[in-house]
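Q: Each chain, written out:
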Amino acid sequence: MGRALGVLIWLLTIGSVWLFVNGRWWLPPYISEHGPAYDRQFMITIIVVGLSFAAAQIGLGWAVWRYGARGNRGERAVYSHGNNRLEIIWTAITALIFITLGLMGQRVWAQLHLNEAPAGSTKVHVVAQQFQWNFHYPGADKNFGRTDPNLVKDAELNFVGLDEQDANAKDDQVVTTLAVPVGRPVELTLESKDVTHDLFVPELRYKQDVVPGMAIKMHFTLTKEGRFELACAELCGQLHYKMKSYLIALPANVYDELVAMPQAQFQGRITQLIKEYPLGIRQGAATTAALR
Amino acid sequence: MSTRFASLGNLVKKQDLILNAVCLLFAAAFVVMALSNVRRAGNFFSIDSLFFTLVSLMLAGIFMIIPLMWAYETGLLRNLFAAEGDDAVGEAVPVHFEGTTKLFLSILGFLLLLTVIEVFLAYIQVPLALMLTILIGLSLIKAALILAYFMHLRYERMSLVYTLIPMLVICICLLFIFFPDSFRIFNLRNYR
Amino acid sequence: MEEATTPIEPSAAATEVGAAGTDAHAEAAAAHAPHGHHGPPTGFIRKYIFSIDHKVIGIQYLLLAIFAAFTGMFMSVLMRLNLTWPGHKWTILETIFPLGAPGGVMTPEFYLSLVTMHGTMMVFFVLTTAPQGGFGNYFLPIQVGAEDMAFPVLNMLSFWVTLVGLLVLISAIFVEGSTIVGNTDFVNNFLGGGGTGTLGPIGGWTGYPPLSALGKVAGPGQGAGATLWITSIAIFCIASLLGALNFITTLLNMRTRGMSLMRMPLTCWSWFTTAILALLAFPVLLAAGVLLLLDRHAGTSFFIPGGLVFNDVVQAHKGGSPILWQHLFWFFGHPEVYIAILPGMGATSHILSTFARKPVFGYRAMVFAMFAIGLLGFFVWGHHMFISGMDPRTSIAFSVLTLSIGVPSAIKTFNWLGTLWGAKIRFTVPMMFAIGFVSLFVAGGITGLVLGQTSLDLFIHDGYFVLAHFHLVMGVAAIFGMFAGVYFWFPKMFGRMMSERLGQLHFWPTFIGVYCIFVPMHIMGIVGMPRRYASFQEYDFLRPLDPLVLLVTIAAIVTAAAQFIFLFNFIWSIFKGKRASGNPWEATTLEWVTPTTPPPHDNFGGHLPTVYRGPYEFAVPDAPEDYVMQTTPDAGEGNVAAAGAGQGSGQGVQGSSGNGHNGQH
Amino acid sequence: MTTHAHTAERLTADDWSGGTFPYHIGHKKLGMWLFIVSDALTFSALLIGYSYVRVSSDQWATPFAFSPSILFSTSMTLCLLASSFTMVMAVAASARRDRRKARRWIGATMLGGLTFLALHIYEWLHLIEEGLRPFGLAQGSAFAKEWTERWPQASPLFGATFFAITGLHMFHVLTGVIYLGYIALRIRRKTHEDVEISGLYWHFVDLVWMFVFPLIYLLSVDFHPAVH
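Residue numbers (this note's numbering), protein chains in the order written: chain D, 1 to 292; chain R, 293 to 484; chain G, 485 to 1149; chain Y, 1150 to 1377.
Possibly wrong hints are sitting among the right ones.
[Unchecked claim] Taking CB as the label site, the calculated pair distances span:
1. D:Leu114 with R:Val324: 40 to 50 Å
2. D:Asn83 with R:Ile357: 45 to 55 Å
3. D:Asn83 with R:Val324: 56 to 66 Å
4. D:Asp154 with R:Ile426: 44 to 54 Å
5. D:Asn83 with G:Arg877: 38 to 48 Å
6. D:Asp154 with G:Pro570: 23 to 33 Å
7. R:Met361 with G:Ile1041: 32 to 42 Å
8. D:Gly268 with G:Pro570: 29 to 39 Å
[Said to hold, decoys possible] Below, a list of computed lysine to aspartate or glutamate pairs in the EDC-like style, where the Cα atoms sit at most 20 Å apart:
9. D:Lys153 with G:Asp796
10. D:Lys275 with G:Asp796
11. D:Lys123 with D:Asp171
12. D:Lys244 with G:Asp1024
13. G:Lys1060 with G:Glu984
14. D:Lys170 with D:Asp154
15. D:Lys242 with G:Glu984
16. D:Lys244 with G:Glu1022
17. D:Lys153 with D:Glu187
18. D:Lys153 with D:Glu116
19. D:Lys224 with D:Glu164
20. D:Lys123 with D:Asp154
21. D:Lys242 with G:Glu1022
22. D:Lys153 with D:Asp141
23. D:Lys275 with G:Glu1022
24. D:Lys153 with D:Asp171
25. D:Lys242 with D:Asp154
26. Y:Lys1294 with Y:Asp1371
27. D:Lys170 with D:Glu257
28. R:Lys394 with Y:Asp1247
29. D:Lys224 with D:Asp256
30. D:Lys123 with D:Asp166
31. D:Lys142 with D:Glu156
32. D:Lys170 with D:Asp141
33. D:Lys224 with D:Glu75
34. D:Lys242 with G:Asp1030
35. D:Lys142 with D:Glu257
Honestly, the hints are just simulated from the structure, not real lab data.
Model, not experiment: these values are computed from the prediction.
Beta carbons are placed, not taken as given, at the ideal position from N, Cα and C, and that holds for glycine.
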C-alpha cells in the first residue's frame, strides 16, 4: 500500500509538472512595455514554485515508499523529537528565498502603480456599466467634456452622461471599443456607473478594478499592434460573462487620424478597424520605432 | 514563565548592555524620524506623512521589544507596573477584591474631571486635528482607568492582562491600516 | 446573549458562596470534582436533540457539516455541467429548478447563485463548522482531560444558532423566485424581494457592494435572497463567537493535572489558535454585515458612493465607499482561511505521528509555526485587494508579509516530512488521508508564492489560478484533514470501526480526482480564464482550454461520486461496523483512555486522568510497547503514585514538567 | 476530592501545567473577558468605519449645539459614569458578602442605566422629529433646509453613523440592564463572581461610551447650531 501511494504521489507530481511545461497552454503573448519584465518574474517564480513543489512531493513519496511498516509489530521507528539545527537551517533558507522573491515581485508593480503616467500621455476615460464598456475620447481638442450622471440616457446612447452644452464636449467621442496608440504612453481613467467592474486584457498583463465613486488611473505603453479581447474580471451581476469589448492597438498615425473624426465617422471607422484587425497581434506590422 | 526568560538571560551582561544600547539607539532614531516628519510635514494628515510617521513609530516599537524584555527580566517593569498582589504568588488565599470606596470615588472623580476637560475643549472650539488627538488620548486614559480599577484588571494576574490587551491592541492597530485609503478616496472621488 | 454566557451551574450554586467565590483554587477543585457539571441526561430529547453534552453537540455539528458539504458538492457539479456543456438541455433540472433552469437550460443568474451558495455553504458551514465545531467540540475537552466544555449550555446554543444560520441560508435560495414561495406579498413587502425569476443571491460569497448593497435595482438575485444571505452570515458570526470563547476558556481553564500547554496534542493547539482567530475576526464581519443590512434596508450608504446610475436613474445614495466593505470583509476573510485550514494541520500532525509510530518532529516548532500562521493571518488581508483600487503602497507591505507566511507553512511541511523519516508507517485509511493532506497542502500552498506578489497578481487576480490555489489549500486539503479525522476518531465516536476496504475505495479516486480537478485549473488561470463566468463561449482566447475544462468536469463528477462511498461507509459503519476496542490505533492521547467507548457522559467516569508526558511518545526505547500513553506514570517514582491515586506522583511529574520532553534536542 | 486538588495545586510549580486556573479566575469570568474583547472589536470596527467615511467625505456636518445638545449628552455620560461607580460599590458589597447592599447598589446601577436609556431615547426622538434620518435628512423639513444651507457638500452619512453606533450601544445598555436585573433578582443564589461578571459587562458598556461620546458628539459641535 505504501509503495503504491508513493508511486501515485510521484505520478501526480509528474503529471502536474507536465501540464505546466508542455507549452500548449501558457500566458498569451504580451503587448505592453512591462510585459517582458512581468513574464520574467512569472517564470522565475514558477520555477522556484515548481522546484519546491517537486522536491516536497518527491520527498513525501520517498518517505511513504521507504518507511512503511513490514507487518512486524516488534520493530520500532527512530525515536527523535526533532533537530533544532535542521529546523533553523530550513527556516532561514525558505525565509531567504521567499522574501527575496517577494521583494523582486514589487518591480513591475512599482513601475505601474507608484509612478505617475508620463506627461503627454494619450488619455481615455473608461466608464463601465452593467455589462457594457464605454470609452470616452477627448476628441481633437484633447479636453474631456463635462459629464454628469443626471444626463445619462442609455436610450439616446448618451451612456456616460456627456453634457452637450459644454464646449469641450462638442468633439468628444464615446464608443464601446477601446482604441489606443502603440508606442505612446496611455493613461486610462476608470470610472463605474453602477457596480464594481474590472478591466482585464490578458495580453496587456494588467487588471484593474473599476470602483464606483472613484476615478482610478492606470497607465501603460503598448509595443504591438493588434486587436485583443477585453473582459470584465470582477463579478458585476447576471451577465458578467458577456461584458466584453476589444482593445485595438493602432499605429500612432492611424490613431491620430481616428481621434480627429467626429462621433459618427469615428464609430464607423472603429467598426471598420475591428474587421481589418484579426484577433491577436497583427502580423507583419511595422516596428514600434517606425510608428512613433 | 520565569524559566523561559531565564534561558534568554544566558547572554553575558556586557552583551546585554550593548544590545540594549543599540536597540534603544535605533528606536530613538526612529522616534526622532517620526517627530521630525511631524514637524516638517506641512499637512500632517496627508497619506505620505501619516504613512511615514506610522511606519517609523512601528519600527521604533519593534526595536523597543528587546530592551523591554530585558527590563522585564531584570524586574524593572515589574516594580513599575505590576499590581501589589502580584508578587505574592505563593499566598494561600489570594485576595480577590481590593480597593476602598475612597479609591473608587477618586477614580470616579478623575473620570468626571477628564470628561469635563473634554467637554470644555468642545466648548472652546479647538481645531479639529488637535481636538481629535486630545480626545483620543483622554479617552484612552479613561478606558485604562475603567479597565484597571472598575474592571479590576489591576488586581488580576498580570498574565490575564498580557493575554487580553495585546489581542485587542493588535487588532485595533491593524484596523488603522484602512486610513491611508480613506484619505485617498477623498482625492479620487469622481462625484462630489 | 448575555444570560447565555453565564449559565447557572448547580455545583456553583451549591457551594458556599463567599468562600468559594473568592477562592479560585476551591472552584478549580469544584470544576474537577466528579459529576461537577451535570448528571447524564435522560430522555431522547435531552440526550440527543437539545443536548448539552459536548460529544453529542460535536456529532450534531459534524452531521450538519456533512449535509452542507454534500449540498455544496452537488452545486459544484451543477456548475461544472453548465460550464462544460453550455446550453445543453438537462430535462431533470427543469423539474428540480423550474426557475433556475427553464427548459432545462441553466440561466446565468442561476449559475451565479450556485456560485454564491456553494461558496458560502462550504466556507462557513463546512470548513468552519466541521473541524472546529465538530471535532473540536468532541475531542478538545477529552484531549485536555476535562469533563465537558466550560459552558455546556452556551455550546448547545452555538450549535442551534449555527443551524438557524444554515436554514436561513438555504431559504435564501427559495425566496427570490415568487412561484416557489407563493406568498409574493410577504416577499415583496417584508424582505424587499420579488419574483424576478431567479434563484438565490448572486453576489458571490464575498458579496461586494454596491452590487449587494443596492437591492433589486442592481439586477436579479439582489432582492430578498441577498438579505437572507447576509442575515445568515451575521447569525453564523454570533454562533462562532460563542463557540470560540467557549473553546478558549475550556482549553485554558480546564486542563487536567499535568496537562501543561506544551503537553497538549497538536490538535488542541490548532483548535486553540483557530478559536482565537474566530474570536477576533468574526466581530469585524458582524459589524460589516450589520452595516450592509442597514445599507440595504435603512437607506444608509456606508458602502455606496454617490453618482450611481441604473437604467438612467441616479441613485439617492451618496458618501460611502465599496473599499470599506472590502477592508472589513477581508480583515475577517483572511483569518477565516486559517480558521479552515489550521484544524486540518493539527489533525494531520496528530494522525501522522500516530501511524508513523514516531514522535512529531519538532513539536515546539509546530506550535510556534501554527501561532505564527495565525498571527500573520491578521496582517495580510490586503493581498485580496491588490487591484481593488486600494492604496498601492500598502500593497507592497501586504505582499511581503504574505510571502512571509510561506515560512511557517514550510516549517510545518518540513516537520511532517521529518516525522515520516525513519518511521514505521501503518497505512490505515486515516493515515492515507493525512499523507494526502500533506501532498495537497504543498500543492495548493506553494502557489501562494505566485499570488502573493503584487506584480504577478496584476494578471492572475480573480482568475482560475486563485480559484485553484484556495480550493486546493483551504478547500480540499482542509477536507482531507476532516476525512482523516473522521476515519481516525470514528471508533471513539461510535464504538465501531469504519470499513477499511470502503475507505481505501474512497481514498484513491478522491486523491487522484482532486489533483485532476485543481491542477488544470492553475493552467486555465495562466491562460487568463476569469472567475465567476457562467460561460466561456464569448471569448476566443479561452477556446484552447476546452479539453481541460472537460477533463476537470469528468474528474469532478468521478470525485463527487466517490464521496457517496464515504457517506455509505459512514452510515453503514454506525450500525454495522466492526466493534472497536478502546484504543484500536494504539495511540497515546487522552481520548483513548476513556473507560468506555464511546466515552461516558462525563468522559472519564469521574476520575480525571493525570498526565505525565507529552502527547506523542512513540517508539520510546526500553518501553514495553512502542507507545507510551500520556497517563502512564514514569517508571520508578510513578509506581507509588499509581497506587496512591496520583498524590505522590504529582511531585515527580511537576518537577520534571518544566520544559517537557521537547526541549531535548 | 477538594483536598486532593489542593495538594496538586501546591505541588504545581507554575500555573500553566494543568489542574488549575492559570489566571486564577473562573470559567465565567474568563468567558466574559473574552466576550468583551470580541465585542470591543465589533465597536472598534464600527467606530473605525465611521472615521473612515468621515475622513473620505468632502464635508461632515457638525450640527450639535454646545447647549443644549452637548450638555444633554454630557449628562448622559455622567449617568453612565455614576452607574459604573455604583456597580463597583455593588461588587465591593458582594465581596463583603453583604447581599442586601449589593442588591441595592445594583438597583442604583440599573436606575443609572435606565436614566441613560430614557435620556438617549428622548434625544433620538427629538432628532428624528427635527428631521434627522439614518439615510440623511427628512425631505422638506425646515431643519433639512437649514442643514443643507450650512453644509451644502455634507455627506448624508451623519445620521447613518449616529444611529448605527449609538443604536448598537443602546442595545448593549438595554441588555446590561436586563442582565443586572436578573442578577439582582436572584442574588441569593449568585456567587460573588457572578456579580463581578455582570459588573465587568456593565463597565464595558461604559467604556465603549467613553469613545462614542467624544467621537460622535464632541467632534460634531457647532457654534451656530442647526439642532436646538
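Q: Looking at the structure, which of the earlier hints fail to hold?
A: 1, 2, 3, 7, 10, 15, 17, 18, 19, 20, 22, 31, 33
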